[in-house]
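Protein chains: 2
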Amino acid sequence: MSELKNAVVLLSGGLDSTTTLAIAQRKDFEPYAISFRYGQRHEHEIDAARSIAEKMNVRRHVVCAIDLRQFGGSALTDDLDVPKSSSVEQIGEGIPITYVPARNTIFLSFALAFAETLEASDIFIGVNALDYSGYPDCRPEYIRAFQDMANLGTKAGVESNAPITIHAPLIDMTKAQIIKKGVSLGVDYSMTHSCYDPAEDGRPCGKCDSCLLRKKGFKEAGLSDPLFETAT
Amino acid sequence: MSELKNAVVLLSGGLDSTTTLAIAQRKDFEPYAISFRYGQRHEHEIDAARSIAEKMNVRRHVVCAIDLRQFGGSALTDDLDVPKSSSVEQIGEGIPITYVPARNTIFLSFALAFAETLEASDIFIGVNALDYSGYPDCRPEYIRAFQDMANLGTKAGVESNAPITIHAPLIDMTKAQIIKKGVSLGVDYSMTHSCYDPAEDGRPCGKCDSCLLRKKGFKEAGLSDPLFETAT
Numbered sequence: 000m001s002e003l004k005n006a007v008v009l010l011s012g013g014l015d016s017t018t019t020l021a022i023a024q025r026k027d028f029e030p031y032a033i034s035f036r037y038g039q040r041h042e043h044e045i046d047a048a049r050s051i052a053e054k055m056n057v058r059r060h061v062v063c064a065i066d067l068r069q070f071g072g073s074a075l076t077d078d079l080d081v082p083k084s085s086s087v088e089q090i091g092e093g094i095p096i097t098y099v100p101a102r103n104t105i106f107l108s109f110a111l112a113f114a115e116t117l118e119a120s121d122i123f124i125g126v127n128a129l130d131y132s133g134y135p136d137c138r139p140e141y142i143r144a145f146q147d148m149a150n151l152g153t154k155a156g157v158e159s160n161a162p163i164t165i166h167a168p169l170i171d172m173t174k175a176q177i178i179k180k181g182v183s184l185g186v187d188y189s190m191t192h193s194c195y196d197p198a199e200d201g202r203p204c205g206k207c208d209s210c211l212l213r214k215k216g217f218k219e220a221g222l223s224d225p226l227f228e229t230a231t
Numbered sequence: 000m001s002e003l004k005n006a007v008v009l010l011s012g013g014l015d016s017t018t019t020l021a022i023a024q025r026k027d028f029e030p031y032a033i034s035f036r037y038g039q040r041h042e043h044e045i046d047a048a049r050s051i052a053e054k055m056n057v058r059r060h061v062v063c064a065i066d067l068r069q070f071g072g073s074a075l076t077d078d079l080d081v082p083k084s085s086s087v088e089q090i091g092e093g094i095p096i097t098y099v100p101a102r103n104t105i106f107l108s109f110a111l112a113f114a115e116t117l118e119a120s121d122i123f124i125g126v127n128a129l130d131y132s133g134y135p136d137c138r139p140e141y142i143r144a145f146q147d148m149a150n151l152g153t154k155a156g157v158e159s160n161a162p163i164t165i166h167a168p169l170i171d172m173t174k175a176q177i178i179k180k181g182v183s184l185g186v187d188y189s190m191t192h193s194c195y196d197p198a199e200d201g202r203p204c205g206k207c208d209s210c211l212l213r214k215k216g217f218k219e220a221g222l223s224d225p226l227f228e229t230a231t
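Heads up: the protein sequence lines correspond to chains A and B, in order. For the first sequence, the tail end lands on 231 under numbering that gives the first Met the number 0, and the numbers increase by one without skipping. For the second sequence, the tail end lands on 231 under numbering that gives the first Met the number 0, and the numbers increase by one without skipping.
Hints were generated in silico from the structure; no laboratory data involved. As the structure is a prediction and not an experimental result, all values here were calculated from the model. Careful: at least some of the hints might be erroneous.
[Unchecked claim] Derived Cβ-Cβ restraints for the label pairs, each shown as a range: (1) Leu184(A) x Thr164(B): 35 to 45 Å; (2) Val62(B) x Lys218(A): 28 to 38 Å; (3) Arg36(A) x Arg58(B): 36 to 46 Å; (4) Glu2(A) x Glu140(B): 27 to 37 Å.
In this text, a Cβ means the ideal position worked out from N, Cα and C, and glycines have one as well.
Isolated chain A, as found in the complex (with noise of 0.2 Å):
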């Protein structure tokens, strides 16, 4: 049996990073996990991915806090109304209000100081570029450019002979796609959290954009989703 390598995987608490950090197991690597308070609204996203990187035996978990509200700028993070709809069609076109200002770069950079101090050369991200909700930071482009800047940056990418490389194993999936690889390799996703504004309780909304993404996801690859199997 071969060793296995680290890698730091970015795990929100959603359906994506964690389908994501069952992926990096699968390919044989040491995943250690990192998530964010970044001035979200809620905490249910911290406390889906503390329980998530207890329950797949995650070695390490950090969670980073950093402030993002200074700087105002997005519905997530300020006190603007996240937009709902009643179906995916609804969902507006262009960049969203949701839209938080260089959001995974920030979280890259983090993901990326960690990767050096446990010599680690990969990092795993669970962005798509399909149903994205139209982020400009979650397109393949932007994910080469990141692994450019970051091994031209970093005492890693100089002197070690493993360059870093960023996986984006979601990247051209489906919503339903991801699910279906999640099931196979028996992701829990009653554990995972995606709702952009949940009520006080945790429960999802059910019409916000990540919602409604995450149901017709469901629908199509005819599952159901055990978040909302109880309240539908």
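On the provided structure of chain A, position chain B as indicated by the hints.
Just chain B now, kept in the frame of chain A:
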């Protein structure tokens, strides 16, 4: 008179970033400053940055707290000893122990988020590739790669007619040239702070890489350093 364009300036409170701020102002930008509390062992840097921002009439100065200590891996944030030498020639080769993993990448990522919320397309950073002490994230190819990534990963880069520019005006300058430039722009170097390992009262050690490079710079510029003129 033309309207000033907003810009974000990374301000550590050191000689280089303070000179960079003066250059941005001279180029008719309206600078917003950003500093980081990143688990340094001393607060003097932040104090210096605050005083400088105030004296130089920066419209807004944001201090971001980010905890890099949880990752470990650097003498500036760990309990390792900062290396000391008696002359510049003794500074070790290669990437030094004071290297902080992915530091400039994290700092620039926050600056990018700040710039987006200000609708600013210009970010100034005082990195320097000549007297740079061996950090990979101070090289021009790294700065260009960050800029490429920023333009692919942000709403500003994708939608705006004004792509993001990372300005590194000191990148090809010697420390002596930087000091001469700053003096010509009226920079008060008595307010700046460079030491990696200051005394409790904030006085510089005079023997770390940063102090040695600063001393050499003033000497070559034919000027006396207000920080050391009473001490030596």
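These are the hints, each one checked on the structure:
1. Leu184(A) x Thr164(B): 35 to 45 Å: 43 Å, holds
2. Val62(B) x Lys218(A): 28 to 38 Å: Since the Cβ atoms of Val62(B) and Lys218(A) sit about 47 Å apart, the hinted range of 28 to 38 Å is violated.
3. Arg36(A) x Arg58(B): 36 to 46 Å: With Cβ atoms ~29 Å apart, the hint is violated.
4. Glu2(A) x Glu140(B): 27 to 37 Å: 33 Å, holds
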